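Using the hints, position chain B against chain A.
Protein chains in written order, with the numbering used here: chain A, 7 to 178; chain B, 7 to 112.
Hints are computed from structural coordinates only; laboratory data are not their basis. Some hints could be false.
To be verified - FRET-style restraints, in silico, Cβ to Cβ:
#1 A:Ala-115 / B:Glu-64: 18 to 28 Å
#2 B:Tyr-89 / A:Arg-134: 14 to 24 Å
#3 A:Asn-33 / B:Ala-30: 16 to 26 Å
#4 B:Tyr-89 / A:Leu-12: 39 to 49 Å
#5 A:Tyr-139 / B:Tyr-89: 34 to 44 Å
#6 B:Thr-94 / A:Ala-19: 35 to 45 Å
#7 A:Leu-155 / B:Thr-94: 20 to 30 Å
#8 A:Lys-118 / B:Tyr-89: 44 to 54 Å
#9 B:Tyr-89 / A:Ala-62: 39 to 49 Å
Claimed, not checked - If the Cβ cut is set under 10 Å, some of the chain B residues that face chain A in the computed set are:
#10 Phe-11
#11 Val-31
#12 Gly-41
#13 Ala-50
#14 Gly-55
#15 His-59
#16 Gln-61
#17 Glu-64
#18 Gln-66
#19 Val-69
#20 Ile-86
#21 Tyr-102
Owing to the predicted nature of the structure, the values given are computational and were not obtained by experimental measurement. Where a beta carbon is used, it is the ideal one built from N, C-alpha and C, also for glycine.
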Amino acid sequence: MTLPGLLFYVLAATIIVTTGVAITRRNLVHAVVYLIFSYFGTAMLFYLLGAPLLAAFEVIIFAGAIMVLFLFVVIMIRTEHSEEDFFPLSQWIPAAASGLIYLAVAFLAALKAPGADTGLALLWATPREFALYVLRNYWFLIEVISMLLLIGLIGALQLGRTRGAKQAEEEA
Amino acid sequence: MIVPFSHVLALSGILFVLGMFCAAVRRNLIMIVLGIEIMLNAAAIAFVGATLHWQNLEGQTFVLFILGVAATEVSVGLAIIVYAFRKTGSFDPNNYGRVICPGSRK
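Just chain B, with the same shape it has in the complex:
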């Protein structure tokens, strides 16, 4: 017997909110991607807890897929960030529209 499932869910929820806070409040593209990583990690913790709750290995299986998605997302995301930084010279997401659609601002 370890802890109740609800405590695992509470930990996962707090981590998810921290990641969401990071992604929503920080004005730095790298910190936004870090926030998304924290949220994925929180989801993984919830899945591992759910494996124990229902005594079924599907939860752990989905953590594998979360790892794959996180790795892909971070590699493409950082490539886009480096591309945007070379074009605009800053990490501010406000300058980001100019990279995707040039001429959208003034």
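Isolated chain A, as found in the complex:
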């Protein structure tokens, strides 16, 4: 096994374990911190697979901005009374069984597909090449994404603002 292959399996195991630990935590802060580790692992995986710019974005946006936003919300809201009751076992055993069957079939299909055992050739996309490619072919979608972010900002502001206005009316 080559060194990049070994690194891939180490990173994959780390990502799966940290994500699995994160989704079973009852404490929200612990879950978010484990997910940050998972996202750092994903960033290293992107770098390994030849996407250095996306690795940087993964750290900045996913591990940085989004997870810090979650942390802010968890800290801002008192979490003492966030105890949750899980579904009873009898309800989610059928769901888990059917999900596992689909997962097994998907694995078999992916592993037995033609050309499934030849290694991937490396394609190293430098940030310059990648940016030129995106802005030449997909400049319109970049604009759409910027509009989407603007609309998201307005929506979040509106959700916060109506509450403030109502409170002011009640107090007046």
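What follows is chain B alone, placed relative to chain A:
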């Protein structure tokens, strides 16, 4: 030569199932949004692997859009969660119907 494409797909599939499990089983709005983030991340891994498989940069381009959609979704989602928490005082999605359509429960 790194690993076969099918192994990247398997990693992405396992992560997607973990995220789906989190979104479907947990009874906490914040954990549900976290599950959706995990699923988006799994899709991004599959796209980066597909870039190498077909030697075409379109896969990496779509990861950029996934990042944008994830950021928008999480900001609006958390704003709604904070709004719902202030109205109902809990993270339980069962109380959520009362926020969207008041009077739907009793």
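Starting from the hint list further up, note which numbers the structure goes against and sort them upward. 2, 9 and 21
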